[in-house]
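Chemist: Build the full structure now, drawing on both the sequences and the hints.
Those protein sequence lines, which keep their order, are chains B and Y.
So for the first sequence, the numbering used here puts the first residue at 1; every next one is plus one.
So for the second sequence, the numbering used here puts the first residue at 1; every next one is plus one.
Just so you know, the hints here were simulated from the structure itself, not pulled from any lab data.
Some hints could be false.
These stretches of chain B come out as covered by chain Y in the derived footprint (C-beta under 8 Å, 3 or more residues) [said to hold, decoys possible]:
(1) 71 to 82
(2) 114 to 123
(3) 129 to 137
(4) 146 to 153
(5) 159 to 167
DEER-style ranges, computed between Cβ atoms [as the list claims (entries may be wrong)]:
(6) B:Gly195 / Y:Arg16: 18 to 24 Å
(7) B:Arg84 / Y:Leu150: 30 to 36 Å
(8) B:Glu28 / Y:Arg215: 55 to 61 Å
(9) Y:Leu4 / B:Glu87: 30 to 36 Å
(10) B:Thr126 / Y:Ala20: 37 to 43 Å
(11) B:Gln188 / Y:Asp37: 46 to 52 Å
(12) B:Thr126 / Y:Ala198: 39 to 45 Å
(13) Y:Ala20 / B:Gly195: 23 to 29 Å
(14) B:Thr126 / Y:Thr164: 43 to 49 Å
(15) B:Thr126 / Y:Arg66: 19 to 25 Å
(16) B:Ala107 / Y:Ile165: 50 to 56 Å
(17) Y:Ala198 / B:Pro69: 56 to 62 Å
If the Cβ cut is set under 7 Å, some of the chain Y residues that face chain B in the computed set are [what the hints assert, rightly or not]:
(18) Thr2
(19) Leu9
(20) Glu13
(21) Leu29
(22) Trp30
(23) Pro70
(24) Arg71
(25) Leu72
(26) Gly76
(27) Leu150
(28) Ala154
(29) Ala219
(30) Pro224
Built from N, CA and C at the ideal position, the CB exists for glycine as well.
The residues making up each chain are set out below.
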Amino acid sequence: MSDWPLRFEAELVRLGVRPERARQLGAETAAQAGEHAADPDRFFGPAHLYARHLVTELQAPTAAVPSLPGPVMLRLTGVSKRYRRREVFSGVDLTVRGGEVAAIVGANGCGKSTLLRICAGLTHPTGGDVRRTRRVGFVPQDGGTAGWLTAEEHFTLFGAAAGMAPRKARSTGTHLASRLAWRPGRHQPVQDLSGGTRQKLNLVLGELHGPDLLLLDEPYQGFDQGSYLDFWRQVREWRDAGRAVVVVTHLLHELEDVDHVLDLGAHGGGDR
Amino acid sequence: MTALTVAGLSAREVGRRRTALLLVISLPLWFYLVRRDLTGQSTRMLTLGIAWAVSTLTLFVVNSARGVDPRLRLSGASVAGIIGGRLIAMSGFGLLLAGGYLVLVGIDQDIDRFWAIALMMGTTALLAAPFGSLVGALLPRELEGALALLSVCAVQMLADPAGTIAKFMPFWSARELGTYAVDGGGADLLWRGLAHAAMVWLLCTGLTLAVFARRLRLARYPEPAPERT
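Modeler: Listed below in structure tokens is the structure:
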């Protein structure tokens, strides 16, 4: 007999579902597959992915409660960037409030990452006006970690930068990691992690100090399907908690879930 | 607190690169063994080997942190905390390395002013960390930085110690302190060496901080004005 139900239950428990509830869901799912005389693996797909999908569905609010947008967290007015003679973009306007998600889209090389770095304050704009809240979390597309340190040591390091006590930083980091269905190994250096897990670490580090504004540069690089769903669920949770999120993305099918889309296009553009 | 955390974690990071660490630790030994029969030459060469080892390791540590530093700044760390922490770690490593080789020299050589040998090796180790850091700040790519360090160390070894060029080299103080320790020169050698070392340390540390303060500076944006309801 297939061990699909066992793997399904184990994944549910790993994602935080109580063991009794996981057993019940496992039995219901097996019965459902049995009704169709089908192998669960073929009927529902891989056990871990279906478990994640189910958890996401279970946690989704039953009725959408529209929340009022909060205070302005980021306002760009006529922002431009030029490298010597090459203009990357100009006249970019964007306003993002607490409880809103904005997506920056556009072709390769149109300046999406540059704009995000300007929002963070890591790159200076050539022109225009930027106003943003002080507490900001930035998650780069890749890199941004020290290969020989473990995830816990990263929590300590970034926590110290934000003035957090080491123990609090570690426990906060471990908790945030669990929300992305990841349990950091105590002795595993970051360079031994998969690309997707490194990005989960990057996300946790960006959120560790509780920023009001999160700036995410295609943070799902290397994620499997389950992690990708976890990520967007996390974005929705941030929004529901009143945080502002700006995410650079190539994946247009996620744009239905966001409040603003800034299409930089080939030469830069304005808020849709 | 950030500086101490950065120092502790930088030390752990270095400690995990075991092969590189072993090569760095053994490097000064080859410098020493080549001239082991001549006390003055061997201790000065050993000291330059320590300088090269510590500055090269610092260069690599500084370069490998390039992706982390801007994020630490965004999280609230100061430039002095980040760079200072790394300098504390690498200076500590340099002093440990110098201490180990000092024991070797103490056992293997007969020197009257042994404390001056300790001073020569200690000051050189302390100079090497900010010097490697400065090269890393100015030449952010590892290959270019390593070649620059190689050039400096080569010139340092080959230049006439009494000539003008040698005096512009970062570890010229090792020659003065070494001469005082082994050849029994006057106290002016000692003070000249220490003054040169202090000047190089201040220059390298100051310039490193200045370069990183510019590179890691964050744009200061005003907060959005509260809206009227």
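Chemist: Which numbered hints turn out to be false for this structure?
Modeler: 9, 21, 22, 27 and 28
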